[in-house]
Amino acid sequence: MITGSDGQSRPAGSPKKPLISIKNVGLSYGNFQALTDVSVDFYQGELVGLVGDNGAGKTTLIRIISGIIPPTSGEVYFDGERIIKFHPKKAIDLGLECIQQAIGLCDNLSVGRNYFLGREPVRRILGLPFLDKKKIREASAKVVHDFGLRDSVDVDDEIALLSGGEKQTFKIARAVTFRNRVIIMDEPTNHLSVRERTRVNELAVQLKQQGLLVIYITHDIFQIHRIADRIVILENGRKVTDVPRDAMSAEALEGIIRDGSRTSTKEPKVS
Amino acid sequence: MRAAIAHLVRRHPEGGTVTLVVLISLTFAIVTGGSWLSTGNLQSLSQLTAVLAIMAFGEAIVIATGQIDISVGSVSGIGALTFLGLAPVVGSGFGLVAALLFGVLIGGINGVFVAFLGIPSLLVTLGTLFLFQGIGYAVTSGFSFAASNVVRKQFIYNGFGGGTVAGVNTGVIWALTILVVLQLAVFEMPVGNRLLAIGGDAASSFSRGVNVTRIKFGVFVVSGVLAALSGALDAAFIGYADGSFGAGMELSAIAAAVLGGCHLAGGRISLIGTLLGAFILRGIQSFLIILGVQPQWYILVVGLIVVLAGLADRTLTRLVLKR
Amino acid sequence: MKRFFTHLWLWLSLCLPFAGAVFAQDDHYRFVMVSHVGPNDPNMIWLTTSMKTFNEKYPGVKTEYLSTNEYSLQNFIAILNQAIATHPDGIAVPILNNEALQPILDKAVESGIPVVAFNIPDARPVGERIKYLTYVGGDEYQTGLKMGEFVIDQANAGKVPKPVKIMCANHDAAHQGLKARVRGMTDAMKKIGVPVDELIIGSDPAKARSIMQSYLSTHKDVNYLYSLGTISCPWVYSVADQMGLKPKLSDKGVTIVTMDDSPNSLEGIKDGKILATHNQGFWFQGYLPMEILYYYKRMGIYPLNDVLTGPVIINPDNVDQYIKSVKSIIGEDAYKKQLTW
Amino acid sequence: MRKLLKRPDLGIIIGCLFIFALFTLYDPAQWFNWGTVSNIGEYTAILGLLAIGQSFVVLIREIDLSVGSVYGIVGIAFVGLENNNVSDVLAFVLAMLLALLVGLVNAALVIRGKLSSMIVTLGGLFFYRGLIYIITHGAVTGVPQAVRQNWFAQLLGGHSLRIQNGFLLLLILGFLCAVTLHETRFGNHLLALGGDPASAESRGVPLGKVRTIAFALCSLFAGLSAIVTLTNDPETSVSLGTGMELEAIAAVVVGGTLLTGGRGTMLGTILGSFFLTAVRSEIIALGAPPSWYVSFVGIALLTLVTINTLLLKRLRISG
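Chains as they are written, first to last, in my numbering: chain A, 1 to 271; chain B, 1 to 323; chain C, 1 to 341; chain D, 1 to 319.
Take the hints with a grain of salt, since some may be wrong.
To be verified - Partner residues aside, some chain A positions facing chain B, computed with beta carbon under 8 Å:
hint : residue
1    : Lys89
2    : Ile92
3    : Leu94
4    : Cys98
5    : Gly104
6    : Asp107
7    : Asn108
8    : Arg113
9    : Gly118
Hint data in this document are derived by calculation from the structure and do not stem from the laboratory. Just so you know, these numbers come straight off a predicted model, no measurement behind them. Beta carbons: idealized from backbone N, C-alpha and C, even for Gly.
When you get a sec, could you build the whole thing from the sequences and use the hints?
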């Protein structure tokens, strides 16, 4: 039904036209300005590190891109087309997957049902859409196996039986295996062991090499500096830096973040 | 052993209820010397169960999304009054359609407040409970709500609770039909997957592209229609309705759902369990009547059973979710 | 009224000579009374007490009293159906609604269970009506009508004020019997052109009082308060008293009339707080159906006419006598306990 | 001004001012009438006491559906004890102990049994009402004249300066509860538990203890409300308190307390009780059809809750 793939070829280098273009976006909760006049372009086949301190507006920006909240001002373009209606369903249909920190899995559903939530495969019987349970089971079992989760995990069991790390891995696996165009990772390495962390970072690079746009959110500048093509720094809801990785050292970037946060103490924070 | 039980319970949340039904049925049958299982009693019991179960199915669907609908008692009253009030005038077919439309309307009102305005469902449905109870009282002071002999012969009237097929009230057939339809919709279709997802974690399901607002709205409409249908079926069975129709049924419907293994927090329901829960509630009443105990004991026993069922279910769930 | 006494005495004279011991010991019947008079209705105690008396007389006969918790036709029918399914040897039941009960009761009669109607009859003529043996009880519409006529008589005699507007305090919005009383009162008052309002007060005392106060504070022309059940009678009085409406019986202020023969109503009349109440013979309504069922099972006989146990109007002239008889039946102690004045 | 706007009870304050203005303009003779005022005051006291108890439970994200039945059973116990020649003070103490017991049972089932409070108290709603039916057999009971006139009955049910003592009691207890809620450590714990149980626990709030106290207070207030009712007008019936749980919850929520816990005021709860009582009273007084006021209560509830929710949304947005 929804594959996310549009069948276009994906060149490895950055094409001229941005895949996601954010123009002068602002978002305010009443008189609190979470984002102010942020403009940034994301291109196909690049790995962008979105960095900033807590409350800088990273998650807010991601929520706008993945359709969870509409911006109060400014415009968002996807593949040259302006987004009018903001809804996660639309973002997913466009081939945009977001791995969020706290949300994304329903504890009461089975592993398989979580895997396909929102885009369940169906078999039509008398024209009625019935869940294709065989496909759900097989596809999700493959993912569980491919991403090295415990063998004892039965895809018909509730996802609540998985540990925190396993859940995170599963979310990443889900985002990756659907053929998408954009993968957004919001602090993907939280709750992960060192070995798992390395795997996630390798994965991000692999995805980029496959021609996807990867937006990687973190507050760990040193980690992202190793793998990203470009670093975007947000501070107090504003974009303060947008440089290719090679243009600045990790230490210099860290300095920017540190200085920025000093002026932010007066403002209320949004998590 | 424990793992095996855990596995069984995990796949079949109604397992506890089924066991309880078997135990209760056996006990009741033995204690009453078999008369609890007499044809007459089972006929009456099945009709009562069907009416309560249809209402409780709607309640279960609402509970699945983590909401609650306590207006169902009033809605079933309005359904009954509309059906019997209009049947003599425009025929039972149109009467029934009108009753169901009222169900849609009231369910829609609940849905708008809950899904679009984001007001807690307990309060919204508390408001509509009062609102339509008052309307029920008001209309019954001036009009008559009885099925005339002409109406009683109509096919639709008999097909919707007024008649029997092979000794079984047609309402029972509707209850089973609805059970099958809902069972398929909730557990075999995408919409059911999303419904349960909302009950489990609304924010997560929204982030996966589930239209939370529409589904929340939808469950209240379904609940409204089923409550109105349940009222119409019982009204057709009795042939008369008054302002007290459906009063207090909301609590029985919630109790049936809880007994059936539905979690009030949402995300985990069993429709078969709900049917059995309704059967247990009604079965206890008939058991007490056969024993010649005053029915006043009934609500006391129901109170105890609701809490005990909650405790049993809690223990089972804990067992299930142990890693 | 005459008919009532004829039948009543006939039946009592028939019952009493046969002491239970003559043949009761070896008869094992089970009679069920299915009723809408539940625990929210103080009259329930009359029915259960009289059935207990019956049981003392015929120890071999088992009687059961089943009732809904509050007025609900829906629950009543559920209980009735389940009671019939137990195949009792006889059923006593109020005909809450002809249409609703006809199919159920006719089927029960066909299957060999004799039925006696009590408290509410099927108003249609014999032959058309439900095939019960006989009816024992009063008539709700007549109850309201006769009370209205009594009020008009007393007012014409100058003992109480002329009615200007009447409020009927209804504690159960769905109770068809109460609604019939209101219709009776309305029809009686139509003759002299006095309007009648029905106010739904609910059955919680605090809320009921609040609702009545609100109503009375603006409907100042209301000068008769008809409490449709014993339960609300003291509430009505205390509200009227607190509002300074002079409910004490005189030719001024408001006047209260009520229903049923509970200690509250009776003592209220004695103290001059209430003009009159009705009795519809609840003790008989519990006892006689059992006797009739017993005689029918035992000898195949039953009264061909209805046994009317009411309405009877109780007023200051006959209240003392009446209190004595009530105390003799429910006992001095229970009488005092039920008194809430 | 900003502080006022942030009050959770803003909606009900506006609501009360609105009906006050409306009734003053529309029907001043009825509205400014001692009879009306004392009528509204009397029922506000009863509903308000129930609702204050309910507030504690709602503030910690729980609900107590059993208060109507508890109100009934405690009231019947109180009158029953007095009838059996137990002195009224002792009867009061014993009846309140019964209420306390009910509250502790509720709390134990919620905390130890890990059950949702809705299930526990729904069970209680049925159970205690069933108990009332069985114990009383439907008999109406009252207390002897002598008992009604003595100091204790007068203390709770009488009048001071033409004002019902029950109403004064509501104001005093409402004030004390408000102080407890906003000025004491317990109140802080309570609000923290309602706002975010996990964070509260991590900060060392004894969750079990706070929950237990909240449920106990709820049942105790329900019992007290029943006793205030019965000392004023000592007649019990099996229907004592039926449906009161819904009215109490309505009053609490109309008063601006969030069902999701952690936010609410006692003033709001008392005003909520007043609002529902006053609106119903005026609707009846204005001559609405006899049974329609039931509907109007529903409409009032829906309207105010909608206003509250929308206000809160604005507030959330403005940080």
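Comparing the hints with the structure gives:
1. Lys89: With Cβ-Cβ at 4 Å, under 8 Å, it holds.
2. Ile92: Result: holds, 4 Å to nearest chain B Cβ.
3. Leu94: violated (11 Å)
4. Cys98: Holds. Min distance 7 Å.
5. Gly104: At 5 Å from the nearest chain B Cβ, A:Gly104 passes the 8 Å test, so the hint holds.
6. Asp107: holds (6 Å)
7. Asn108: holds (3 Å)
8. Arg113: holds (5 Å)
9. Gly118: holds (4 Å)
The structure fails to meet hint 3 from the earlier list, while all remaining hints are met.
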